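Engineer: Could you build the full structure based on these sequences and the hints that come with them?
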Amino acid sequence: MTDGTNDINELEALLGHTKAAYGKLEHEGVLSAGARRRFNSVRYASFAIAASLTVAVALFALTIVNGGGPGMIPPSRLATSLPTLAAPAAPTASVGSHVFTRARQFPASFSMPSRPTASNG
Amino acid sequence: MLAMDTNWQLFARASDDRAALAELFERHRHFVYRLGWGVLQSGEAAEDIVQDVFLKIGSGRLKAVPNARFTTWLYGLAINTAREHARKRRRFWGAEDANEVLEKQADEATDPERADALRDLAKALAMLPIRQREVVLLRFYEGFDTQETADILGCREGTVKAHLHRATQTLREGLAPYKTERT
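Respectively, the protein sequence lines represent chains A and B.
Each residue of the first sequence is one higher than the last, beginning at 0 in numbering that gives the first Met the number 0.
Each residue of the second sequence is one higher than the last, beginning at 0 in numbering that gives the first Met the number 0.
Heads up, some of the hints might be wrong.
[Said to hold, decoys possible] Okay, the calculated bits of chain B under chain A, using three or more residues with CB under 8 Å as the criterion:
#1 30-38
#2 62-76
#3 81-88
#4 131-139
Hint data in this document are derived by calculation from the structure and do not stem from the laboratory.
Fair warning: this is a prediction, and the values are worked out from it, not measured in the lab.
For every residue, glycine included, the Cβ atom is placed at its ideal position computed from N, Cα and C.
Structural biologist: So this is what it looks like as structure tokens:
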């Protein structure tokens, strides 16, 4: 097995004249706008994960302090702590003067048509 | 004083401190670019490699052991990034792709010798398979010794010597017609 010195000498003879040109190859630009955006998004994602974890830990600690384990908030406290939820408005659509709501898209008498039966003509 | 900080100190802060990342970028971008260009023979791909390498450093997700030389570690990262790019593209770049760099970087009117040298370099590297190309770039052009080259490439010293030997044979045979042409 060669120690590599002969090969290096031979490469010097073959390609020695290209060394200076190689050494002068330079990266001309700075990070592109796309790369900067990706870099920012990486940092933003880390920040968002860290913030979410902090909030989760804080909520967990608050629950423990309030006298219950996770998922053990007393019903009385739960009733007062949850915001009142308004019933969502029924989605509507209109065709001309007729207004449909999602619950009334079909008349009450509507029924699925029966399956066609095979006949011999 | 960022200029006084060692590379490893800057690396440790790079994910939180933009100025530290920028200093590392300024110190090493040409280094990474040259290697990327050498491996993939494309200025555009080399730019991508520079960006990817420093984005990885800036993400803070890289594990590094600061008892090695920073440049050895960084070259390993750059080589791996170049290999990822090569795999993605499923082909090695040929000498014709080097023309974009020639156009950008070599002003043939004022420096025709450099333009010729770059052409010869691109021609020679295009003759080699990627592993031999990496060894020639690190060992011959960047001047790393055999052990350092092996550390960067994650292989044994013997493998580096074998690749270098094969690359020399290939280049001897491949460049002979051009040498005869010139003389």
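Engineer: Evaluate each hint against the coordinates.
Structural biologist: Tested hints:
1. Check result for the region 30-38 of chain B against chain A: holds, 5 residues qualifying (beta carbon to beta carbon below 8 Å, three or more required).
2. Using a Cβ-Cβ cut-off of 8 Å, 0 residues of the region 62-76 of chain B lie near chain A, which falls short of the minimum of three, so the contact claim is violated.
3. By the rule of at least three residues with a Cβ nearer than 8 Å to a Cβ of chain A, the coverage given for the region 81-88 of chain B is violated, with 0 such residues.
4. Coverage of the region 131-139 of chain B by chain A holds in this model, with 3 residues showing a Cβ closer than 8 Å to a Cβ of that chain against a need of three.
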